[in-house]
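J.: Chains as they are written, first to last, in the numbering used here: chain A, 1 to 235; chain B, 1001 to 1224; chain C, 2001 to 2054.
Don't read these hints as lab results, they were simulated from the structure.
Certain hints may be false.
[Said to hold, decoys possible] Just the calculated beta-carbon pair ranges, DEER-fashion:
| id | chain 1 | residue 1 | chain 2 | residue 2 | range |
| --- | --- | --- | --- | --- | --- |
| 1 | A | 71 | C | 2026 | 57 to 67 Å |
| 2 | B | 1212 | A | 74 | 36 to 46 Å |
| 3 | B | 1195 | A | 109 | 44 to 54 Å |
| 4 | A | 188 | B | 1195 | 48 to 58 Å |
| 5 | A | 109 | C | 2009 | 32 to 42 Å |
| 6 | B | 1091 | C | 2035 | 13 to 23 Å |
| 7 | C | 2044 | B | 1039 | 53 to 63 Å |
| 8 | A | 7 | C | 2026 | 45 to 55 Å |
| 9 | A | 109 | C | 2053 | 56 to 66 Å |
| 10 | A | 114 | C | 2053 | 40 to 50 Å |
| 11 | A | 74 | C | 2026 | 48 to 58 Å |
[Unchecked claim] Straight-line Cα separation of at most 27 Å, DSS-like style, residue types lysine-lysine; simulated pairs:
| id | chain 1 | residue 1 | chain 2 | residue 2 |
| --- | --- | --- | --- | --- |
| 12 | B | 1002 | B | 1014 |
| 13 | A | 3 | A | 225 |
| 14 | A | 102 | A | 192 |
| 15 | A | 192 | A | 70 |
| 16 | A | 3 | C | 2051 |
| 17 | A | 4 | C | 2051 |
| 18 | A | 225 | C | 2051 |
| 19 | B | 1079 | B | 1014 |
| 20 | C | 2051 | A | 102 |
| 21 | A | 218 | A | 70 |
Where is the CB? At the ideal position from N, CA and C, for every residue including glycine.
Here is what each chain is made of, one letter per residue.
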Amino acid sequence: MIKKPRLLSVLDVLSGMMILAAAGLVFFYAPVEQMMGLVQKVFYFHVATAWVGMLGFIVAAVAGIFYLAKRTEQWDITGFAAVEISLIFFLTAIILGSIWAKPAWNTWWTWEPRLTTAAIVELIYAAYLLLRQGVDDPERRARFSAIYAIFGSISIPLTFVSIRFLRTIHPVVIGTAETAGKGGFNMDSPMKLTFFFSLAAFTVFFVDLLWHRIRLGKLQAEVEKLRIDTYSNGM
Amino acid sequence: MKSYLGAIRAIIWKDLTAEWRTRESLTSMLVFALLVVLIFNFALELDIQAQESLSAGVLWTTFVFAGTIGLNRSMALEKDRGCLDGLLLAPVDRSVIYFGKVIGNLIFMLLVEIIVLPVYSFLYGVPVFQPGFFLVVLLGSIGYVAVGTLLATMVVQVRTRDILLPILLFPLTLPVIIAAVKASQGFLQMIPFDEFSSWLNILIVYDLIFTAVAFMVFDYVVEE
Amino acid sequence: MLSRLFVPDTINYMIAGYVVVVVMTFGYIGSLILRWRRLQGEYQRFETLRKDQD
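Taking the hints into account, I'd like the entire structure generated from these sequences.
T.: The following block contains the structure:
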């Protein structure tokens, strides 16, 4: 039986409370934005989830570098955990962005640089999962995923730059820079406070989830070893 | 330095002579590329007006698809014939293998492009015969093959190798493809060079970054 | 007060958005708990197996 560390329990409670507090701020403290109406309240968690998604991919790339340098299973587990959490949060952020886009620009999807890059990021890390699935040898799997995560973290900013550049040179009919300007808004100070608090809350939540996921990964590796031991001895 | 280049040349030469014996890769890539052009013709109703703006996209999609076939095949052959293990045992730097394979794959891709471009130009009257455009084709192919060779080497060691390469490769090389399409569009639509020259610079920068990173991590892909 | 009338009614979108957040987060936490329990069970099974063997 693996014992749960005290600090992790503290972190569980803390992140839960912070998320609740952030939700409280969003619904009861932040004013209703006059141009957009209530849907603007989606914005706080939209940015927060996207931020956590980004954070996860940075963690995955760093873990990849550490894995290649140190070759300890720990770093592979960390990288995989970070990618999985990021996939969930990025997907949430994309859906929230889409929900925002509908009333703001009257379309579910705009080929806006950030949204498009987010979609490509999802595809890159979905490919990462498929790659992991295809390799049976744990050492090789760890090595390949580390390489792919590092490559992904280099390609993603370049993709963003390209798409951004593409849109500024060639505005498209739907979701142009001008309509994006109309969909935006200025933040007053209660909004700013809510915004930054949501970011902080999700960051703590991310650390908490990551820790849990790493523990899960370690247990999984443990069980895998036991299985091999048992069957090789028993047969 | 001289032996380094000699070793690279030996690998390229090996690939080319092996290909010359059967011509399997080149013919499959070529036939596939022409089929893609054919499908686009019907799918997009490529009449004279439409192809003005679409040609660059159609051409790069064709190159990229055909390129995947070539990459997959070139590494799969190495693996199946046991050549990869032999290469790895050879007393040369691992980067020799990487650059040898990159240049070999690049030659295949360029050969296909050299045949597809005149055909495309003949069919649709697109002005492909411009030195600037050829430069874009070369730069785009370099970036694509630099990443593709690395990933193909990785994928042949994986159980699901036949389907995995495009899934891994397309999203990663997207920046190169975007820049290549935009720069090609500039040349094919006869837009003044100043308006799209920055795409050419971007393409060069991406090529450098991708090649450098792929070169740095290649050791980790083939170690054992 | 008059400007209030012009605020567009987008409450449905807001509700949809937060439902998505809740479903995704709790779904993921749920999957973590489920996987943890399953592995824990397997772990114990192997432990007892090993004790039997000794």
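J.: Decide, hint by hint, whether the structure agrees.
T.: Status of each hint after checking the structure:
Range check, residue 71(A) to residue 2026(C): Cβ separation about 36 Å, and the 57 to 67 Å hint is violated. Remark: the range hint 36 to 46 Å for residue 1212(B) to residue 74(A) is contradicted by a beta-carbon distance near 28 Å. Taken as a hint, the range 44 to 54 Å is violated for the pair residue 1195(B) and residue 109(A), whose Cβ atoms sit roughly 28 Å apart. Between residue 188(A) and residue 1195(B) the C-beta distance comes to about 41 Å, which lies outside the given range of 48 to 58 Å.
In this structure the supplied range 32 to 42 Å is violated for residue 109(A) paired with residue 2009(C), their Cβ-Cβ distance being about 22 Å. Range check, residue 1091(B) to residue 2035(C): Cβ separation about 47 Å, and the 13 to 23 Å hint is violated. For residue 2044(C) and residue 1039(B), the Cβ-Cβ distance of about 56 Å falls inside the hinted range of 53 to 63 Å, so the restraint holds. A C-beta distance of roughly 23 Å is found between residue 7(A) and residue 2026(C), which places it outside the suggested range of 45 to 55 Å.
Evaluation of the 56 to 66 Å hint for residue 109(A) and residue 2053(C) yields a pass: the beta carbon distance comes to about 58 Å. Take residue 114(A) and residue 2053(C): their Cβ atoms lie about 56 Å apart, and the range 40 to 50 Å is violated. Checking the proposed 48 to 58 Å range against residue 74(A) and residue 2026(C) shows it is violated: the Cβ atoms sit about 28 Å from each other. Restraint check for residue 1002(B) and residue 1014(B): the C-alpha separation of about 18 Å stays at or below 27 Å, so the hint holds.
In summary, the hint linking residue 3(A) to residue 225(A) is supported, as the alpha carbons are separated by about 19 Å, within the 27 Å threshold. Among the hinted pairs, residue 102(A) with residue 192(A) is consistent with the structure: their alpha-carbon atoms are about 24 Å apart, no more than 27 Å. Pair hint residue 192(A) plus residue 70(A) does not hold up; C-alpha atoms about 41 Å apart against a cutoff of 27 Å. For the suggested pair residue 3(A) and residue 2051(C), the alpha carbons sit about 21 Å apart, so the restraint of at most 27 Å is met.
Restraint check for residue 4(A) and residue 2051(C): satisfied, since their Cα atoms lie roughly 24 Å apart, inside the 27 Å limit. Pair hint residue 225(A) plus residue 2051(C) holds up; C-alpha atoms about 16 Å apart against a cutoff of 27 Å. Of the supplied pair hints, the one linking residue 1079(B) and residue 1014(B) holds, its CA atoms being roughly 14 Å apart against a limit of 27 Å. For the hint linking residue 2051(C) to residue 102(A), the alpha-carbon distance of about 60 Å lies beyond 27 Å, and the restraint is violated.
For a cut-off of 27 Å, the pair hint linking residue 218(A) to residue 70(A) stands: about 17 Å separates their Cα positions.
Of the numbered hints listed earlier, those contradicted by the structure are 1, 2, 3, 4, 5, 6, 8, 10, 11, 15 and 20.
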